[in-house]
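Enquirer: Chain by chain, the residues run as shown.
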Amino acid sequence: MTNLAANPQVDQLRARVKELLDEEKIAGFIGYERASGSNLKRRPFFMVGADLEPLVLDHLCTNGLAKYLMDYRHGEGRMGIAARGCDLLAIKRLAADHRINRDRVVVIGIPCQGVMDPVKLKAMGINDVAETEDQGDTFIVTASDGETREINKGEALLDRCLDCGHKNPDGHDILLGEETDNTPFQAREFAGVSRIETMGVSERYDYWKRQMDRCLRCYACRNVCPACSCRECAFDVASPEWLGARTTLSEQQMFHFTRAMHVAGRCVGCHRCEEVCPVDIPLMELNEKLMKDIEELFAIEGAHVPRDVEPLGQFQMDDPDEFN
Amino acid sequence: MSVTNGEPETRNTMEAAGFEQAEAWEPKIVGFCCNWCSYAGADLAGTSRMAYPDNIRIIRVPCSGRVNPQFVIRALQRGADGVLVAGCHPGDCHYSTGNYFTRRRFLLTRRLLEYMGIEPQRLQARWISGSEGEKFSRVVREMVEDIRTLGPNTRLRDAK
Amino acid sequence: MMKILAREDLKGLLQMLGEEAQLIAPISSDGVVLFRPIDDPDEVTLEYVNTVTSAKDFLFPQDEDILRFESGDDGGLEIDGIRPVEKRVLFGVRPCDAKGIDLLDEVFLTGQFKDDHYQDRRDNTLVISIACQEVAEECFCTAVGLNPGATDGSDVILYPHQGGFIVAPVSHRGEAAVDTWQGLLTDIDSETAQGAVQAYQEKSTPLGEEVDFSRITDSLATMFESPVWEELARRCLGCGVCTYVCPTCHCFGLSDEARGSQGYRLRCWDSCMFSDFTEMAGGHNPRPTKTERVRQRFMHKLNYHPSRYGQLLCTGCGRCVEKCPVGLHVVDAALKIKAAQEEAAQAQTGEVSG
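Protein chains in written order, with the numbering used here: chain A, 126 to 449; chain B, 194 to 353; chain C, -19 to 334.
Okay, chain A solo, but in the shape it has when bound (with noise of 0.2 Å):
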């Protein structure tokens, strides 16, 4: 077991890809690099020639980046990627739904004990963090200047990686280091859904208009959703008019709707969708509540887990009825 304390991890990586493309099993390789703007964010990297210089891996890379590998699919020879757990889950995903051909990537699994919420560092009045290291219970932060904090885990991580149970990358094609252990900090709950449930009507309707106010229909949720992979999709139709382009509220609401419903027993609970939304909406509240109660009510065991033939493209005999 490993505990991820100081990041020879990035060496390590550097040294695998190498060897992937001197053995040319790889063509290319997306992992992630450091932003610019910002001494706290990094971004998507997308090897160029063979030059890996720009390649980071500490707890700040937190970009969703399976769904690239879709840009990838006709190119000649494989794509390498970095993936930590929900990546992997991510990159499944796209594979179940055949938008991908798993063959064509070679995965360097990343072990992952949580990565850091940049928005919460801020919060902290960290603004500039060079390096990054695991303590267990802790991080440790270095900013570009040298100086050193250290900041407890529960009050910086992303909120994904509070209740994840995927901390190993499985399905992996080559591990990164050595497993580590698996124990999520907290269980599965759903508690921002439970919250949801225990008000009454009117009290909810408010609070989903609230949210949806605010909605820009900029579309960052789903351009960014694994589970999002149509050839065409619904709202880019012009004809039949699924969702008009009004910002109305009942527009508003149709989109979220629609979308919960279309990644309902998809969704991976990777909450890059709720990561990437520039006015906050809390969308896993709503794919969260569609987990809950298919996982209730079809008594299926993690329905965030691809698999073969998901939930709702199948069904039992003995599912429950209402509809007397």
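What the hints contain is simulated information worked out from the structure, not anything from laboratory work.
A portion of the hints provided could be inaccurate.
[Stated by the list, open to error] In the DSS-like style, the derived pairs of lysine-lysine whose C-alpha atoms are separated by at most 30 Å in a straight line are:
1) 334(A) <-> 67(C)
2) 247(A) <-> 316(C)
3) 143(A) <-> 316(C)
4) 217(A) <-> 143(A)
5) 67(C) <-> -9(C)
[To be verified] Partial selection, computed: residues in chain B whose CB lies under 7 Å from chain A:
6) 297
7) 300
8) 319
9) 349
[As the list claims (entries may be wrong)] Taking beta-carbon pairs under 7 Å as the criterion, some of the chain B residues facing chain A (in silico):
10) 262
11) 263
12) 266
13) 270
14) 293
15) 296
16) 301
17) 304
18) 308
19) 309
20) 310
21) 318
22) 320
23) 350
On a predicted model such as this, the values are computed, not experimentally measured, just so you know.
Think of the CB as a built atom: it goes at the ideal place given N, C-alpha and C, for glycine as much as any other residue.
Given the structure of chain A, go ahead and fit chains B and C onto it with the hints provided.
Expert: Below, chains B and C alone, put in the same frame as chain A:
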């Protein structure tokens, strides 16, 4: 947000329900009926002269499994106060398995609507066979009264 | 003699403004600060460096019906233009967003075609800005010729000073408005006031120090085929976050919707980032991949618009820097463009630098 013409989206609920102040409101229900069972049942109700309220507008579909949850939303947006999805009894689907998918899908749809603050009684799904003319007319009568109690739908309405 | 508004009189001012016009000001929705029409001044928050979206929506709405049509029994078609007429006050705009309004004014109100709907809204809107006491990590207005105390686009600008606000009318409309506020204002020594205002105008933005837009329009003139666009585009998600949070993006689409015998012509925001931005009837799309669309975005902002109007289509508000989920923003583009230009220059002259 919508700032059509610079005015914030405030609407009188009566106007939103789409009727003049002078008329009394009648529930408007859209009913998706599968061709082989529930539509036949509706037909039987008619030929047997079993009266059912004309608040319901029936749309015939090949199978209840064809009904997309988005139809429900659009119906409610475009003037319906309630939506009925009627299909064959599980096990009797003309296409063998269609209504099993309907069952799973609408169990979730109803819960999601409720979660978003729409009264779940506005969406009803029922199994009605081709010989159940009496059931069809009873279901419609009951649903009209349920919706009448709930009042006009104002929560999923286009501005126009 | 300059005037100052005490902090405790702000509510009174907002109430007064709200009597004559619809007040639009920043509110907090679950911690997200954005502009909304409000009835109760207590809802207004001043706890923000900048709102998450600009005030652009109130002059150039995300969706608006611009005409209504109805077919009559006689087979004729009745068409009515829909003209907005409500008076509004936009309160709490930052100098970068006010400059954004200024830039949109140029697009919609000058040249051969004046946009009636934009004109109506603009004529009926009083823009009251508040200079920036705090500068965010993502702000770079100073790199595009602005500063945290700039007045372009504002009718009145307030400079926070010792708890209150120095009131500086900017336009004629602003002067007329401030005349009606006199009961709420007190005098402040001119020299003190000028000093305070100057301090705002001389504030720097850290990110603004790191990026140089000074020759970018010329650099871009020869970069249409540059490989830099493909490099940038790889990580683009193709969403509309950047264009929608931006105070200056203004592409739109028109569509007619008819139901029965009635219909509307709808104008709504479009985004050059969407895959179907230039998709045409028949399926042809001259910007088929992210590369062409990303190129379009930055060429428009940094070359096409400046070539036509003499100003960059960017006010340095930093929203794209903050909100783009993959760090593909105008600062990154500027840095890449500069690097590419320097590389090309070196190659050309054969010089080796440093």
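Enquirer: Compare the structure with each hint and give your call.
Expert: Consistency of the hints with the structure:
{"no.": "1", "hint": "334(A) <-> 67(C)", "in the structure": "26 Å, holds"}
{"no.": "2", "hint": "247(A) <-> 316(C)", "in the structure": "26 Å, holds"}
{"no.": "3", "hint": "143(A) <-> 316(C)", "in the structure": "26 Å, holds"}
{"no.": "4", "hint": "217(A) <-> 143(A)", "in the structure": "25 Å, holds"}
{"no.": "5", "hint": "67(C) <-> -9(C)", "in the structure": "19 Å, holds"}
{"no.": "6", "hint": "297", "in the structure": "6 Å, holds"}
{"no.": "7", "hint": "300", "in the structure": "6 Å, holds"}
{"no.": "8", "hint": "319", "in the structure": "6 Å, holds"}
{"no.": "9", "hint": "349", "in the structure": "5 Å, holds"}
{"no.": "10", "hint": "262", "in the structure": "5 Å, holds"}
{"no.": "11", "hint": "263", "in the structure": "5 Å, holds"}
{"no.": "12", "hint": "266", "in the structure": "5 Å, holds"}
{"no.": "13", "hint": "270", "in the structure": "5 Å, holds"}
{"no.": "14", "hint": "293", "in the structure": "4 Å, holds"}
{"no.": "15", "hint": "296", "in the structure": "6 Å, holds"}
{"no.": "16", "hint": "301", "in the structure": "6 Å, holds"}
{"no.": "17", "hint": "304", "in the structure": "5 Å, holds"}
{"no.": "18", "hint": "308", "in the structure": "5 Å, holds"}
{"no.": "19", "hint": "309", "in the structure": "5 Å, holds"}
{"no.": "20", "hint": "310", "in the structure": "3 Å, holds"}
{"no.": "21", "hint": "318", "in the structure": "4 Å, holds"}
{"no.": "22", "hint": "320", "in the structure": "6 Å, holds"}
{"no.": "23", "hint": "350", "in the structure": "6 Å, holds"}
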